[in-house]
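Protein chains in written order, with our numbering: chain A, 1 to 569; chain B, 1 to 170.
Keep in mind the hints are simulated off the structure, nothing from the lab. Errors might be hidden in some of the hints.
Mimicking BS3-like on lysine-lysine, the simulated pairs with C-alpha atoms at most 25 Å apart in a straight line are [claimed, not checked]:
| no. | chain 1 | residue 1 | chain 2 | residue 2 |
| --- | --- | --- | --- | --- |
| 1 | A | K411 | A | K243 |
| 2 | A | K154 | B | K72 |
| 3 | B | K130 | A | K324 |
| 4 | A | K408 | A | K374 |
| 5 | B | K72 | A | K195 |
Derived Cβ-Cβ restraints for the label pairs, each shown as a range [what the hints assert, rightly or not]:
| no. | chain 1 | residue 1 | chain 2 | residue 2 | range |
| --- | --- | --- | --- | --- | --- |
| 6 | A | E562 | B | R37 | 34 to 44 Å |
| 7 | B | I143 | A | G491 | 55 to 65 Å |
| 8 | A | A301 | B | G27 | 15 to 25 Å |
| 9 | A | K180 | B | N78 | 48 to 58 Å |
| 10 | A | N299 | B | N78 | 51 to 61 Å |
| 11 | A | P135 | B | E145 | 54 to 64 Å |
| 12 | A | K324 | B | T158 | 30 to 40 Å |
| 13 | B | G36 | A | Y465 | 52 to 62 Å |
| 14 | B | I143 | A | G557 | 40 to 50 Å |
| 15 | B | G27 | A | S199 | 26 to 36 Å |
| 16 | B | T158 | A | K558 | 51 to 61 Å |
| 17 | A | A117 | B | G36 | 22 to 32 Å |
| 18 | A | S199 | B | R37 | 27 to 37 Å |
| 19 | B | G27 | A | A556 | 15 to 25 Å |
Ideal Cβ placement from N, Cα and C applies to all residues, glycine included.
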Amino acid sequence: MTKKSKSSEGASFLGASGAELFDRILQEEGVEVLFGFPGGMVLPIFDRLYSSPIKFVLSRHEQGAAHMADGYARSTGRTGVVIATSGPGATNIVTGLANAHMDSVPMVAFTGQVRSALIGNDAFQEADITGICRPITKHTCLVKRVEDLGRAMKEAFYIARTGRPGPVLVDIPIDVSTSKLAQEPNLQIALPGYKPRISGHIRQIKLAAEAINASKRPVLYVGGGVIIAGASEALRELAHKGKLPVTTTLMGLGAVDEADPLAMQMLGMHGSATANYAVQDSDCIIAVGARFDDRVTGNTATFAPKAKIIHIDIDPASISKNIKVDIPVVGDAKDSLERIIEFIQPVDRSPWLEQIAQWKKRYPFTYEANGNIKPQEVIDTVARLTDHDAIVATGVGQHQMWAAQFYKWRKPRQAIISGGLGTMGFGVPAAIGAQFGNPGKTVIDIDGDGSFTMTMVEVITAVRYDQPVKWIVLDNDYLGMVRQWQEMFYGRRYSATPHPCPEFKAIAEGFGARGISIRDRAELADGLNEALRHPGPVVVDVKVEPEENVFPMVPAGKSLHEMELGKLA
Amino acid sequence: MKHIITALVQNQPGVLAHVAGMFAARGFNIDSLVVGRTEDPELSRMTIVVVGDDRVLEQVRKQLEKIIPIVKVRDFMNVSYVERDLMLIRIHATPEKRPEVVELVNLFRGKVVDVAKSSLLVELSGAEEKVEAFIELARPYGIRELARTGIIAMPRGTQSDSRQTDEADE
């Protein structure tokens with residue numbers, strides 16, 4: 001371990017307080033915006049932020065700040081940063097961290113902690129936040145001495161953004177932020193147990209390429225790892241060189257242009273019939289940056305029964321966790337794909353591609369555009385008006401699945417969606433974070449009335465900081481996805497799912513945003529167009545068909561090919 | 001089936017809780033978990049006996065490797081190794097029965113470390129089967145109290161560096 005006594009910019013930290021060090025290390029790490037909420041145990045840090053060039057965004061609830069940092073990170077690829085005070089401030093970001101962890105989002109969270117001498121004494125606003133967050137973060141760390149703060153921060157950023165990214169929590173007792181450095185701190189990262197740079201073994205790369213070349217009915221099954229690794233172009237090249245049809249997971253939306261003839265859209269529980277039939281019929285599944293989640297596989301015992309499984313992933317623990325893998329490639333998705341491409345031979349797969357084209361023709365995502373406004377029609381219209389080019393966040397539920405099915409995604413980092421944890425309320429703040437990271441771009445949150453209500457208070461934050469997010473609420477006065485399950489599997493006993501909504505237009509206006517209310521199909525396109533052209537934040541409340549269902553649907557525990565097609569059948 | 005895994009960990013607060021929590025959260029069964037210092041003051045070694053099939057063992061190893069303060073993980077599959085479990089056992093032994101018990105202790109190369117009026121405190125170490133065999137034989141006399149450290153293990157010298165964990169995935 002080498003002693004390094006100065007920052008990378010060479011300036012001295014001698015005599016600086018922990019709070020000053022905090023500010024300066026954030027700047028060294030290139031942090032441009034910090035989301036959070038103040039409190040007693042972070043007072044010294046906020047005092048320093050008062051004069052810092054880093055932009056601070058005050059959310060109305062710490063959970064909102066955490067999701068903003070998440071949306072910022074997903075949409076830009078940079079590390080999102082959130083800060084909260086001890087105790088309740090810290091516990092309020094727990095959902096945000098768990099959410100980022102499940103979806104491998106690079107985030108660093110800083111929490112204040114009570115004075116070191118009081119830790120463990122049940123002090124006012126004390127919580128063992130490192131203990132609480134250990135299983136839902138990539139790493140946590142309690143800083144005990146001001147001399148360790150800088151290194152802990154550097155390590156946090158390094159861990160968060162490398163390997164399989166994820167959230168890191170750094171807990172800072174107030175005496176650490178007030179103490180002054182009596183000696184130059186050692187800022188050298190020392191993580192002997194962390195080796196994030198893994199390159200796939202050449203033998204495995206060749207085996208994978210051989211299996212692809214030998215297959216007659218291959219399917220590329222692509223997850224969020226491809227987006228994280230910046231591997232979309234390599235993926236496109238591989239797919240075209242090998243004539244490999246592609247399906248993406250919810251997290252992989254945008255990794256491939258859905259207008260591409262090889263694209264089969266999303267697979268899984270609410271995936272396209274084409275993708276699900278193709279997987280079940282395939283003789284070779286090439287999984288890239290995906291983890292065989294139960295929402296993707298359905299019944300694992302009958303998942304892709306005829307296929308050899310190739311799995312490319314940077315996280316060795318993802319391999320053979322849910323599905324036994326035949327050819328593992330442990331490595332970065334971009335690096336692995338680029339190396340596999342070299343060994344790919346052109347193979348005539350026209351019967352397979354024809355079969356897929358037929359499925360695509362027969363089983364597109366569809367709905368009946370008549371009567372009440374259909375939620376799918378709203379998304380269709382938004383997609384058309386934004387040329388499939390907006391950054392689109394969602395909450396969790398039916399609207400999320402319809403957005404996944406109907407937006408027709410074009411490019412990486414465009415879909416800002418809570419996948420693994422399925423966090424309702426994610427969309428409202430995540431869209432704000434995405435807008436901060438993408439000034440001048442159209443950022444939309446397609447939300448449901450349930451998810452929107454959970455975090456709508458953050459509309460105030462967008463108004464205050466002049467972030468022109470468009471929230472489009474598919475309002476059916478139900479907690480729709482749960483209602484759908486009750487309709488299909490619980491004899492239509494709508495227990496706790498009716499969800500009467502307030503006037504979102506009036507609320508939006510009360511918050512200082514523009515409010516638009518759409519009640520009639522005839523007003524839909526004009527209303528949405530008006531919202532999209534408005535220069536400031538807008539909440540659009542669209543009353544939609546209350547009992548519309550999401551199809552196709554693979555019932556829990558069934559195989560992918562046993563999906564219920566609904567109106568497609 | 002039982003497997004032995006060792007993990008070299010950085011001495012940081014919370015590492016033990018992290019490992020224990022990971023086992024609980026992922027539903028892995030631990031037979032024993034031993035933590036102790038090593039030759040390096042900054043590192044400790046955990047020796048964990050896990051119950052499960054090969055796939056469970058594989059997942060346990062990979063999940064351990066993901067924990068950042070864990071520096072190195074080694075499993076003892078297909079490796080010849082030495083294991084030891086240390087036991088302190090208090091056996092009921094009246095003066096009449098005492099010679100019999102001492103004889104038994106000697107057969108197992110144990111040590112009597114404390115003698116009381118009606119009991120003997122015995123120290124015994126060895127592989128798990130040996131320790132268990134002794135317990136079975138001591139049972140008829142009456143076991144008053146028993147404490148075991150759990151297993152620690154080390155590969156035999158010729159192959160101690162035979163398996164690099166990070167290559168095992170390929």
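Now for the hints, and whether the structure bears them out:
| no. | hint | verdict |
| --- | --- | --- |
| 1 | A:K411 with A:K243 | holds, 20 Å |
| 2 | A:K154 with B:K72 | holds, 22 Å |
| 3 | B:K130 with A:K324 | violated, 37 Å |
| 4 | A:K408 with A:K374 | holds, 17 Å |
| 5 | B:K72 with A:K195 | holds, 11 Å |
| 6 | A:E562 with B:R37: 34 to 44 Å | violated, 56 Å |
| 7 | B:I143 with A:G491: 55 to 65 Å | holds, 58 Å |
| 8 | A:A301 with B:G27: 15 to 25 Å | holds, 19 Å |
| 9 | A:K180 with B:N78: 48 to 58 Å | holds, 55 Å |
| 10 | A:N299 with B:N78: 51 to 61 Å | violated, 33 Å |
| 11 | A:P135 with B:E145: 54 to 64 Å | violated, 35 Å |
| 12 | A:K324 with B:T158: 30 to 40 Å | holds, 33 Å |
| 13 | B:G36 with A:Y465: 52 to 62 Å | holds, 53 Å |
| 14 | B:I143 with A:G557: 40 to 50 Å | holds, 48 Å |
| 15 | B:G27 with A:S199: 26 to 36 Å | holds, 32 Å |
| 16 | B:T158 with A:K558: 51 to 61 Å | holds, 52 Å |
| 17 | A:A117 with B:G36: 22 to 32 Å | holds, 30 Å |
| 18 | A:S199 with B:R37: 27 to 37 Å | holds, 35 Å |
| 19 | B:G27 with A:A556: 15 to 25 Å | holds, 20 Å |
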